[in-house]
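**Q** Sequence:
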Amino acid sequence: MDWEDYFPTAIAERGYDYYLQGYVTDLKRTKTQITAMVTGTQDYGVVIDLANGDFHGGACECPYDNSHPYCKHMAAVLYQAMAADKPASQQQVSKAPTSFDSLEQTATKLVERATDRQVRDFLSVVLAHDKHLVQLFRTVMGETNVVTDLPEYLASVDDLFDTNADGGGFIDYDAATDFGDEALTLLKEEVQPLVDHGEYGLVFQILAHLMLKIDHVDIDDSDGEIMMIMSASDDLWEAVLTKADADVQQQVFDWLCKQLTKSLNIIEDTLDDLLFTYFKTPAFIDAKLVYTAKRFRAVQKHPDLWDYDWQIKKWLKHYLQMMSAAHVPDKQIIKFCGANLAIPQVRLFYSQFCLQHQDEAHAVQLLKDGKKLVTDDPSMLAKLSRQLKDAYQQLGEQQLYRQELWQLLTEYAPAEEMLFSELKQSYPTTDWPAVREQLLTAIAKNSNVDLKPLYVQENLLNPLLKAVVAADGLWDLRIYEPLLKPRFSDLLLAKYDHEVRKMATTTGTRRKYQQLVGILKRMLAYPAGKSTVQAIVHDWQQQYPRRSAMMDELSRLNW
Numbered sequence: 001m002d003w004e005d006y007f008p009t010a011i012a013e014r015g016y017d018y019y020l021q022g023y024v025t026d027l028k029r030t031k032t033q034i035t036a037m038v039t040g041t042q043d044y045g046v047v048i049d050l051a052n053g054d055f056h057g058g059a060c061e062c063p064y065d066n067s068h069p070y071c072k073h074m075a076a077v078l079y080q081a082m083a084a085d086k087p088a089s090q091q092q093v094s095k096a097p098t099s100f101d102s103l104e105q106t107a108t109k110l111v112e113r114a115t116d117r118q119v120r121d122f123l124s125v126v127l128a129h130d131k132h133l134v135q136l137f138r139t140v141m142g143e144t145n146v147v148t149d150l151p152e153y154l155a156s157v158d159d160l161f162d163t164n165a166d167g168g169g170f171i172d173y174d175a176a177t178d179f180g181d182e183a184l185t186l187l188k189e190e191v192q193p194l195v196d197h198g199e200y201g202l203v204f205q206i207l208a209h210l211m212l213k214i215d216h217v218d219i220d221d222s223d224g225e226i227m228m229i230m231s232a233s234d235d236l237w238e239a240v241l242t243k244a245d246a247d248v249q250q251q252v253f254d255w256l257c258k259q260l261t262k263s264l265n266i267i268e269d270t271l272d273d274l275l276f277t278y279f280k281t282p283a284f285i286d287a288k289l290v291y292t293a294k295r296f297r298a299v300q301k302h303p304d305l306w307d308y309d310w311q312i313k314k315w316l317k318h319y320l321q322m323m324s325a326a327h328v329p330d331k332q333i334i335k336f337c338g339a340n341l342a343i344p345q346v347r348l349f350y351s352q353f354c355l356q357h358q359d360e361a362h363a364v365q366l367l368k369d370g371k372k373l374v375t376d377d378p379s380m381l382a383k384l385s386r387q388l389k390d391a392y393q394q395l396g397e398q399q400l401y402r403q404e405l406w407q408l409l410t411e412y413a414p415a416e417e418m419l420f421s422e423l424k425q426s427y428p429t430t431d432w433p434a435v436r437e438q439l440l441t442a443i444a445k446n447s448n449v450d451l452k453p454l455y456v457q458e459n460l461l462n463p464l465l466k467a468v469v470a471a472d473g474l475w476d477l478r479i480y481e482p483l484l485k486p487r488f489s490d491l492l493l494a495k496y497d498h499e500v501r502k503m504a505t506t507t508g509t510r511r512k513y514q515q516l517v518g519i520l521k522r523m524l525a526y527p528a529g530k531s532t533v534q535a536i537v538h539d540w541q542q543q544y545p546r547r548s549a550m551m552d553e554l555s556r557l558n559w
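The sequence shown begins at 1 in UniProt numbering and counts up by one.
Keep in mind the hints are simulated off the structure, nothing from the lab. Note that this is a predicted model, so its numbers are computed, not measured. Take these hints with a grain of salt, some might be off.
[Said to hold, decoys possible] The list that follows gives simulated cross-link-like pairs (lysine to any residue, SDA-like), each with its CA atoms no further than 20 Å apart:
id, residue 1, residue 2
1, Lys262, Leu212
2, Lys372, Gly396
3, Lys28, Asp49
4, Lys31, Val456
5, Lys258, Lys294
6, Lys317, Leu355
7, Lys521, Asn52
8, Lys512, Val456
9, Lys521, Pro69
10, Lys521, Trp559
11, Lys301, Phe276
12, Lys258, Ala232
13, Lys213, Asp269
14, Lys512, Lys31
From just these sequences and the hints, can you work out the full model?
**A** Pasting the structure below:
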């Protein structure tokens, strides 16, 4: 696909970064389109249109797409699709387009031709005018000093926030792009070299400062700049926590424990993950056991906290994990669980403990009683039910196992595909169609449940078509079009006709009219598409003659 020329270089590069970070999921491709989900601050659906295998436009649910024809989420999907097209041995070779490629090649050739004296003289002049380059060069020379260099690095972090914020300290949507790019450059060009030279103590201090600044920044990061920065920091944290000496690791451990006692915003989950993903030595395990017990008891003393339930669940989970990791005696675990059975997470942990110790009957009773206690908590009810159905399966109680699966699918986790498959596998092939019909009817009683993935799984095209036609807009049609079009082209074309006419009733920017024409082009690929599109264009020319941008875009429609 030759598509990169359509995208501004900055957008393509950010999309390439999303692709490298693995943010593209659920990629599906047919001859006429590519669909995928791209994660960011939110998940956005992307549809890429293809014509003869080439890029032919697309759409994204992100806010940026409303005012720009191409966004980084589309670019990320296209890079993922390109990678999927290549043999495994070549999939890491692709490179994002960058205006710096030729510059890098020129610089390399110049340095190769220069004499030592020329290089030294040039460095002396350049370094005298750029303190950041001085820091980088000192790192390369192995002459860093935490005491003298740290203030410079922290000042660089502060500059990121100060230079991109307005007078009130807010980083708006437009400034957030520069902020994100500059932060990634700082991590790559100034912090990564410190990692490469083993300056882990300095790296920790810089990352800690950056995290605390991020936690208090007021920013419109609709394009996921904060997530990008946090993600780019992951490898740096990993290097510190796997390669630093014991003193630095202890410093990080103490800092994490201190910060997690405070009220944090966006960085809380990241710091929590660092503390409980790393620090696996017996000494740290024992320290975390003591720490989590202390935090759990501290939260228990303040039931008036606005996030009391969440904090209790969080520290209880960690404490139970540390009890297992520290190999606490069974009697102590049983005593703690028995005293805290009113907390649903304890029941989950204790029932699993019982199953591991072959006390299935006690585990089942704990879970059944637990379900009665959490009828107002759908999430916990589903967790208890999942564990209960597993317990029944372990006991060989086939009927009870099926009943619990049925309840999950119809009440606690309606229409979940994996559970649906699991229940199907428990029935003989000859019995399944009748069971399926009853099950789908029962699931459909839930409001807002989406049965379409189950229809696809079972190849039930008629109910799938009915659901797609009934859905608002064209998103579902675009997703399921390849499956339905061979058999139901007339009905799908009628759906297109209805939706595109409805979309045209309100005025919009030229971008909107381009999207409408894009839909008309898709309709032309249907057997009766040309006559349908001709009728639509004729009607619009009569109804909206004063929409000059619309008429201009319609004139570009190739029949």
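**Q** Given the hinted pair Lys521 and Trp559, is their Cα-Cα distance within 20 Å?
**A** Cα-Cα ~9 Å, so holds.
**Q** Between Lys372 and Gly396, does the CA-CA distance stay at or below 20 Å?
**A** Not OK: Lys372 and Gly396 at ~23 Å, beyond 20 Å, violated.
**Q** Does Leu355 sit within 20 Å of Lys317, going by the straight-line distance between their CA atoms?
**A** holds, 18 Å
**Q** Would the hint linking Lys31 and Val456 be met if the CA-CA limit is 20 Å?
**A** It holds: about 19 Å lies between the C-alpha atoms, which stays within 20 Å.
**Q** Does Lys31 sit within 20 Å of Lys512, going by the straight-line distance between their CA atoms?
**A** Violated - the C-alpha atoms of Lys31 and Lys512 are around 25 Å apart, more than 20 Å.
**Q** Compare the distance between the alpha carbons of Lys521 and Pro69 with 20 Å, and conclude whether the hinted pair is satisfied.
**A** holds, 17 Å
**Q** Does Lys258 pair with Lys294 here, judged by a C-alpha cut-off of 20 Å?
**A** The given pair, whose Cα atoms are some 12 Å apart, holds under the 20 Å limit.
**Q** Measure nothing beyond the straight line between the CA atoms of Lys28 and Asp49; if it is 20 Å or shorter, mark the hint as holding.
**A** Holds. Lys28 to Asp49 sits at ~12 Å (cutoff 20 Å).
**Q** Please work out if Lys301 and Phe276 have their alpha carbons no farther apart than 20 Å.
**A** Violated. Lys301 to Phe276 sits at ~24 Å, over the 20 Å cutoff.
**Q** Please work out if Lys512 and Val456 have their alpha carbons no farther apart than 20 Å.
**A** Roughly 31 Å between the alpha carbons, so the hint for Lys512 and Val456 is violated.
**Q** Holds or violated: Lys521 and Asn52, Cα atoms, limit 20 Å.
**A** holds, 13 Å
**Q** Would the hint linking Lys262 and Leu212 be met if the CA-CA limit is 20 Å?
**A** holds, 12 Å
In summary, the numbered hints that this structure violates are 2, 8, 11, 12, 14.
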